[in-house]
Amino acid sequence: MVSSKSGNAALGAAAGQARKRAGLAPAAGEKSGAGACARCGKPAAITLRYMNADLCQSHFTRMFESRVKRTVRQYRMLKKGEKVAVGLSGGKDSVVMLRMLHKISQSLPFELFAITIDEGIAGYRGKTLQVAKSECRKLGVPLTVVSFRKEFRSSLDTLLKRKGRGRACTYCGVMRRYLLNKHARKLGADKIAIGHNSDDVAQTVFMNFMRNEPERLGRFGPLAGAVEDAAFVKRIKPLFTTPERDVAAYAVMKGIEIKFAECPYAALAFRQYVRQMLNEAEEKYPGTKLRIVKSFLEQNQLMLDGSKYRIEKAGGKRNVSRCASCGEPSSGKICMLCSMLER
Amino acid sequence: MRVTLDGKDAKVASAATVAELLALLGLSGEETLVKVNGNLSPNSARLSQKDEVKVLRVIFGG
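Protein sequence lines, in the order shown, are assigned to chains A and B. Each number in our numbering comes from the position in the first sequence (counting from 1) with 1122 added on. Each number in our numbering comes from the position in the second sequence (counting from 1) with 90 added on.
Note that these hints are calculated values from the structure, not bench results. Don't take every hint at face value.
Claimed, not checked - Short, incomplete list of chain B residues facing chain A, as computed with Cβ under 10 angstroms:
{"#": "1", "residue": "Val-108"}
{"#": "2", "residue": "Leu-115"}
{"#": "3", "residue": "Ala-135"}
Unchecked claim - Calculated pairs, EDC-like style, for lysine to aspartate or glutamate (alpha carbon to alpha carbon, straight line, at most 20 angstroms):
{"#": "4", "chain 1": "A", "residue 1": "Lys-1381", "chain 2": "B", "residue 2": "Asp-99"}
{"#": "5", "chain 1": "A", "residue 1": "Lys-1376", "chain 2": "B", "residue 2": "Glu-110"}
{"#": "6", "chain 1": "B", "residue 1": "Lys-125", "chain 2": "A", "residue 2": "Glu-1233"}
{"#": "7", "chain 1": "A", "residue 1": "Lys-1381", "chain 2": "B", "residue 2": "Glu-121"}
{"#": "8", "chain 1": "B", "residue 1": "Lys-144", "chain 2": "A", "residue 2": "Glu-1379"}
{"#": "9", "chain 1": "A", "residue 1": "Lys-1406", "chain 2": "B", "residue 2": "Glu-121"}
{"#": "10", "chain 1": "A", "residue 1": "Lys-1249", "chain 2": "B", "residue 2": "Asp-96"}
{"#": "11", "chain 1": "B", "residue 1": "Lys-144", "chain 2": "A", "residue 2": "Glu-1273"}
{"#": "12", "chain 1": "A", "residue 1": "Lys-1406", "chain 2": "B", "residue 2": "Glu-110"}
{"#": "13", "chain 1": "A", "residue 1": "Lys-1381", "chain 2": "B", "residue 2": "Glu-110"}
{"#": "14", "chain 1": "B", "residue 1": "Lys-98", "chain 2": "A", "residue 2": "Asp-1312"}
Claimed, not checked - Sample of chain A residues lacking proximity to chain B, with all beta carbon distances greater than 12 angstroms (derived):
{"#": "15", "residue": "Ala-1175"}
{"#": "16", "residue": "His-1224"}
{"#": "17", "residue": "Leu-1261"}
{"#": "18", "residue": "Lys-1285"}
{"#": "19", "residue": "Gly-1310"}
{"#": "20", "residue": "Lys-1313"}
{"#": "21", "residue": "Asn-1319"}
{"#": "22", "residue": "Arg-1367"}
{"#": "23", "residue": "Lys-1381"}
{"#": "24", "residue": "Ala-1403"}
{"#": "25", "residue": "Cys-1448"}
For each residue, glycine too, the CB sits at the ideal point set by N, CA and C.
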């Protein structure tokens, strides 16, 4: 108990310093009163335990937008005149990312369009597909819908009846990435924007550690994805440093139509185990997930300097051939997708 | 106090604050947002018997 208390006190002191640097008033519930915004004292709308503060709607949305814009700027994700394909599932992350990119495109002109992959998941994807269509209509963003049924002659639900539900996320992930890359390239995209938030990042870091996949971790990052090759469209992740709960709060505050629903296959995934583990850690030690992301970004840079994974990150030197079956880029004779579907 | 969780009525004894309500429902503040009388509210917001509370679970896989 004693060590826990002193640990909390140390964390509290560190949080206090961070709050001062961020221009925040003393912690919520101290000087400005319980439930008051730490920046203006007006009634708060949300508690952000990772920064030990309550914020009102206006200050939260301003902070949210600044953080996304800062991440986009810091990693030079966008350039004037580029064509950016948004991977739009219709879930909260991709919809909020689309809104943010659309906002940024008003001051830094670039072309924005969206691609939605319809995997064919009964009772789930249909709802988010409607959201994707309605958001694109509202913003005037062209949308292309690509379905597993048309591309692979089978919905995910049908495919998993043969392959087994246990590996749903593995199949779905490979198939979605394949289609997103293929169609973004066909439509002339310079970049694909993916709605990975900082919770997803923290989970991916842990999953790669737990599976001993340093090469994947070496390629992972706010700009990274596949190895560099003309057939791979570069990926950007504007929400890389934004917590998932903040994304949801922003959507609710902005009145964005969101279906808060879980993919029926998510519970089967290894990611779900890691998600629960990290959320428990976050509950007990607020700020854990963001600290994992920050730590990853620092260590990843150190790891890449002089490591064998640097070549791939720097780009171009790894041999990327073409799959003998479908013609898409592949590190072997047959790409991951074709070998999975043949099995 | 009327409490709905993901759009369905939830039976819960009265709670003094949003944080207490979430604890009674066995939910994490890290995975939820709470609206009191239509407004998003922080964990420390005080609740009264007349309040309409909506709890949204917002962290999902997929």
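Cross-check of the supplied hints:
no.	hint	in the structure
1	Val-108	8 angstroms, holds
2	Leu-115	14 angstroms, violated
3	Ala-135	5 angstroms, holds
4	A:Lys-1381 - B:Asp-99	18 angstroms, holds
5	A:Lys-1376 - B:Glu-110	27 angstroms, violated
6	B:Lys-125 - A:Glu-1233	37 angstroms, violated
7	A:Lys-1381 - B:Glu-121	15 angstroms, holds
8	B:Lys-144 - A:Glu-1379	16 angstroms, holds
9	A:Lys-1406 - B:Glu-121	13 angstroms, holds
10	A:Lys-1249 - B:Asp-96	16 angstroms, holds
11	B:Lys-144 - A:Glu-1273	41 angstroms, violated
12	A:Lys-1406 - B:Glu-110	16 angstroms, holds
13	A:Lys-1381 - B:Glu-110	26 angstroms, violated
14	B:Lys-98 - A:Asp-1312	44 angstroms, violated
15	Ala-1175	9 angstroms, violated
16	His-1224	22 angstroms, holds
17	Leu-1261	22 angstroms, holds
18	Lys-1285	18 angstroms, holds
19	Gly-1310	29 angstroms, holds
20	Lys-1313	24 angstroms, holds
21	Asn-1319	10 angstroms, violated
22	Arg-1367	6 angstroms, violated
23	Lys-1381	10 angstroms, violated
24	Ala-1403	10 angstroms, violated
25	Cys-1448	26 angstroms, holds
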